[in-house]
Amino acid sequence: MTNPLTVTNPPTAAETPKMTAPPKAKKLLKPLIVALVLVALGLAPLLGASVYTMVVLTTVLGYALLAISMDLVAGNAGLLTLCHAAYAGVGAYASLLVARQFTQNGLVQLVAAIVVAAGVAALTGWIAVRATKTYFLMLSLAIGELLHILAVQWKEVTGGDNGLSAGSSIELVPGSPVVFTGIVYWVAFAVFLVFAGIVLLVVRSPFGSALRGIRDNEARMRGLGYPTPLYKYSVWILSGGVAGAAGWIMTVQLPRFIAPSQLSFHMAGLMLLAVVIGGLGSMWGACIAAAAIVIVQDVIGQDLGGRGPLLLGLLFVIAVYLLPRGLAGIRLRRSKEVV
Amino acid sequence: MPVGSLLLNGIASGLLLFMMAVGLTIVFGLLDVLNLAHGAFFLSGAYLGYRFAGEATASWGSFTLALLAAIVVGALMGGALMLLTRPLVGRGHLDQALLTLGLSLVVTELLLEIFGRNDHAVAAPTGLDGSVEIFGGAYPVYRLAVIAVGAVVAIVVWYALERTSAGALIRATVADREMVEAIGIDVRKVTTVTFMLASALALVAGVLSGPIKGATAGLGNEILLLALAVIVIGGMGSVIGTLIGSLLIGIVQNLGAVLLPQFSSFLLFGAMVLVIVFRPQGLFPTAAAVER
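If you read the protein sequences in the order shown, they are chains A and B.
Under our numbering, the first sequence has 74 at position 38, and the numbering climbs by one with no breaks.
Under our numbering, the second sequence has 369 at position 286, and the numbering climbs by one with no breaks.
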């Protein structure tokens, strides 16, 4: 029986033999484009981006990092997760609670977001990585929903359906809140770069190769002596921590607000689709797709009078037919390449 | 509210859930794809009920019309979705999940576009809109009618799948598609017809649930999550398992909402986690389901 809803080989890896390595110019093209986009993003506050634009860009960075964290487990370890939106939500709640109770220091809040999200991932992940195929998807759905319900019901801590807000800006130096949206954006951008870099290093390390081996043939990897559950469990915790950082970025701009709907099945499904549309195992594809989803939902959707989901649905349907290998498969690439 | 009434509520919503989940689980077995648009189908039924039966009072004629419309529209939607998945044959299951989720967003948004974003009530047909005295309290007649209809549907579905040759064909296709193809049966025809029937059943369940739950935007996702839980708990592809799972979840939800309001929502997904961890084949697996 084939595995429902599970892709043992990501679409990009499906056709190896025909393709030869692209010429050197082509090889340089992608890093060049990525560098240009990053520079443009870094300079955005100086290029006259409005406060609104910078707030939206910060949110985009948050969701892009969430997509990266999901791609780390989905694209490399083959764990199609519906948990990570909830982990990001946990990180956001943790950072806002620290802001309300203890300190305005943004970095302390960031550490809290990462530690708590990674901790929740550690608590829930040991169940998750034992299941396979459709059962894993269902299990991750159930775990995500449990966290979502917890956010709704634990009113004393989370504020229930009303959500939770911190209301005051972060501080980097004690006593002086960062009031400029552009500087908060830069801080968020730096955090994004650091964590995207960490994920990139992990993906390119021997550990990352081992994960892809597990994705493609877990039994063989076990036969080779790899403790596969341990590998899956550690990458799960790592990506949970990255998702927590993403949650911090999502709520770092004023009004610093989080609502339980951020943890919902709807959000988890959208983000998983972003990762799939981006092309499993492609970090930049996941980022672009996540950015597109945020912009369609929050920006264009507003202009269309709240019809964002309709547009999003149409885009999904079109993407299925026109992008069989995701955004990453648009032009011919070396197969098996990761990033 | 007395426990007896809560139990009846649970059975009523459990049977509606069954009508929705059984289609989902059979289609999953046939096509190896989770139809995430199934919740939107259910929602379409609820809005059809609102459109034909109205909010205040409904005649038998208009309610029957709503049910007939649900069957026709449901079959058409199922057929259309089947056609849409045709180009995706041989591609990953994720692509099909992507397609059905996209369609579910589109259908839901179109419904809200047509009928407005406000919540709507749906009227029960005259004669069923009153209440009777049971367990020392008033109980809506309509829910008793839903229990009766739901029980009949459950028996018919079970009989059709387990005791007729058409049902045997469907089960055989679930178990071994290639073998069925090899003996000269057009598997696509089998899956298309099954898909159409399953979708029609989801819309009918939506119409029937209208007078209880109304027609509201979030209903589709809510019911889809419940149905997924039912499938996991009951065992994929198992009719009896789906029925027992549906009733269990319906009753636990209704009793829990009153007896343990803090924990009732955790119960459902907590149970789902426990079942997957300790009994991944479901509580009532079928032979075909065990293989997965």
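Simulated from the structure, these hints should not be mistaken for laboratory data.
Ideal placement from N, C-alpha and C gives every residue a C-beta, glycine not left out.
Some hints could be false.
Said to hold, decoys possible - Just the calculated beta-carbon pair ranges, DEER-fashion:
1) B:Val341 - A:Val193: 46 to 56 angstroms
2) A:Gly259 - B:Ala231: 53 to 63 angstroms
3) B:Arg362 - A:Ala158: 47 to 57 angstroms
4) A:Gly341 - B:Thr209: 37 to 47 angstroms
5) B:Ile323 - A:Leu65: 54 to 64 angstroms
6) A:Lys66 - B:Ile323: 30 to 40 angstroms
7) A:Ile336 - B:Ile238: 47 to 57 angstroms
8) B:Ala243 - A:Leu65: 55 to 65 angstroms
Status of the hints after comparison with the structure:
1. B:Val341 - A:Val193: 46 to 56 angstroms: violated, 25 angstroms
2. A:Gly259 - B:Ala231: 53 to 63 angstroms: Since Gly259 (chain A) and Ala231 (chain B) have Cβ atoms about 57 angstroms apart, the given range 53 to 63 angstroms holds.
3. B:Arg362 - A:Ala158: 47 to 57 angstroms: violated, 25 angstroms
4. A:Gly341 - B:Thr209: 37 to 47 angstroms: Between Gly341 (chain A) and Thr209 (chain B), where Cβ atoms are some 38 angstroms apart, the hint holds.
5. B:Ile323 - A:Leu65: 54 to 64 angstroms: Holds, at about 58 angstroms.
6. A:Lys66 - B:Ile323: 30 to 40 angstroms: violated, 54 angstroms
7. A:Ile336 - B:Ile238: 47 to 57 angstroms: holds, 49 angstroms
8. B:Ala243 - A:Leu65: 55 to 65 angstroms: Holds, since Ala243 (chain B) and Leu65 (chain A) (Cβ atoms, about 58 angstroms apart) stay within the stated range.
Violated hints, in rising order: 1, 3 and 6; the structure is consistent with all others.
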